[in-house]
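One-letter residues, chain by chain:
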Amino acid sequence: MTSTDLKDAIPVSLRVNGKKYDLRIDPRTSLLDCLREHIHLTGSKKGCDHGQCGACTVHINGRRQLSCLSFAALHEGDEITTIEGIGQPEKLHPMQAAFVKCDAYQCGYCTSGQIMSAVALLKEPCGSDDAEVKEFMSGNICRCGAYPNIVAAIQRVRQGAQPG
Amino acid sequence: MKTFQLTRPKDSAQAIAAAAKSKTAQQGAEIRFIAGGTTLIDLMKLNVETPQSLVDVNRLPMDKIEATPDGGLTIGAVVRNSDLAWHPLVRKNYAVLSEAILSGATVQIRNMATTAGNLLQRTRCMYFRDTAMPCNKREPGSGCGAINGMNRGLAILGTSEHCIATNPSDMNVAMAALEATVHVRGGKGERAIPIADFHVLPGNTPQRETVLEPGDLITHVTLPPPAPGNRSLYLKLRDRASYEFALASAAVVITAANGKIARARIALGGVGTKPWRSTEAEAELAGQPATEATFRKAADVAVRDAKAQSQNGFKVDLAQRCLTHALSTVVA
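Going down the list, the protein sequences come from chains A and B. Going by our numbering, the first residue of the first sequence is number 1, and it counts up by one from there. Going by our numbering, the first residue of the second sequence is number 1001, and it counts up by one from there.
Calculated directly from the structure, the hints in this document are not laboratory data. Owing to the predicted nature of the structure, the values given are computational and were not obtained by experimental measurement. Certain hints may be false.
With a straight-line cut-off of 25 Å between C-alpha atoms, the simulated BS3-like cross-links for lysine-lysine are [what the hints assert, rightly or not]:
#1 B:Lys1002 x A:Lys46
#2 A:Lys46 x B:Lys1045
#3 A:Lys19 x A:Lys46
Extracted from the complex, chain A is given alone in its bound form (with noise of 0.2 Å):
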C-alpha cells in the first residue's frame, strides 16, 4: 500500500534542500522517515529513533535539529537542508572533505548527522578548543568511537584549511 492509499493521510508541503515536495503522509510520519521513505533522501539515517543518538540530524531553517522527535506535517514552510543539500560527491562541501582527509569515520553510519552538526556549530558560539567543540558535537554518538578524527576533522574547517 502506498501512503496515498491511507485514508488518514493529509497534504503537507515540504521544501528539501532548494525542492518544493507535495506529499500526503499519515500525520504520524516524522520527518525523518519523510525524508528516507517519500522523499528518498536517504543521507539521513535512523539510529535510535529517540533522539538519542544525532544519525538524523538536518538543519531546518539553518539550525540543526532531529528529524526523527519530529513529525513532517509540523514543517510546512520550512527550509529544510539534509546531507545530499550540504555537497555531492563531485563537489563535497569542506567539512565532508575535512572527514575524508582526517579519516573521521570507520563505519560511517553516524556520518552523515556527524557532518550536519559540524556544518552548523560552524555559525553556533563554540568555542575554539577541543573541549568545546566535544560538548557542542555531543548529541552525536559515533559507535564505531571516531571522536578524535571527527574533533581533528572540525577544527580543521575551522581554522580555515584547505581541501586536500
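We have chain A; now place chain B onto it with these hints.
Below, chain B without anything else, positioned relative to chain A:
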C-alpha cells in the same frame, strides 16, 4: 503510535478552544498542544502518550524575549531553549538560567525544545516510559515499579508511596531559584502562577504534575528584575560530562556583602519530584557569614526531609555536596 488529527490554530483563542475539549491536561490527555515535540513525540512513539488530537502552537506569536519595564524579562512560550540560553539579557542578568539550559540535552534538542515544553518535561523514570511496567503516574492504581526497583536516578524529596519520579529539567531548577512566574491563558481567562505553585507533588495523584486544566495554554514566563549585585551558579552532577540528566544539581543566586549573605535563592534538581526550591536552606543562609560551615548547615537543612530508596541513598550526600560546592564557588 496511535493515529491523531493535527490542527493548526490561527491564534491562541482557537488553540485554547481546541484543547479545552480534552478531559484532562495531565497524563492521558486526548488533546495535546505540540511545539518542539522533543518530549511528546518520544512518548507517543512509546505509547505512553496517546493523544487523539495535536494542536500545533509553533506558529503562534509567543516567540519573543523582551525586557519588561521594571527591569525583568518576558519569555515567550515557544522561545527555543537555545535562543533563551544565548540571549544577551539572559547571559547578563540571569546567567544561572543560561547555564542550566546549556547543561541539558544537546544543541539539536535545545534548538527544538521550547520554554513551555521544558516546563512540562516528563520524568525519565523507566517504569513510566515502559508500558509493560506498573506505573501510577502513567496508569493510576497500577503500582510503582520504581519503589524497590531500579531507582538509582529517582527522587529523594517530595516523593510519596505512589511515585518517586524525578522532574528531569535543568531549566526548571534555575527558573525556581529565579522565582519565575508562569503565565497561562485558558477558558476562564488569564492566570499568573508562581513557578513554586506550578508543579505539584505526586501524593495520591502522581498522574497530575501541574495545575494546568484543559485548554490552559502557557503563553509566556516572566522573571523578576535580577537582585542587585547577585552572583549565581548552576552546578550539575551526572554520570557523563555531557548529554545526561542530573543525579543532583543546584541553582544558587546569592547576594553577599562584607562576608555575610544578605539574600539567597536555592533550588535543587535531579533529587525532587518537582523542581526543588529550598526556602529552608535560604532562611538558614540569610544574614549568616559566607563560610563553609554555613553552607554545610544549609545543605543539611535542604535534604532534611529526604527519603532514600533502595538504590539512591547516595543522592542525599551528593545533593548536599553539590549545594555546598555551588555556594562555596559562587562566593569565592
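Hint check results:
1. B:Lys1002 x A:Lys46: With Cα atoms ~21 Å apart, lysine 1002 of chain B and lysine 46 of chain A stay inside 25 Å; holds.
2. A:Lys46 x B:Lys1045: 14 Å, holds
3. A:Lys19 x A:Lys46: 22 Å, holds
Going down the numbered hints, you'll see the structure goes against none, and every one checks out.
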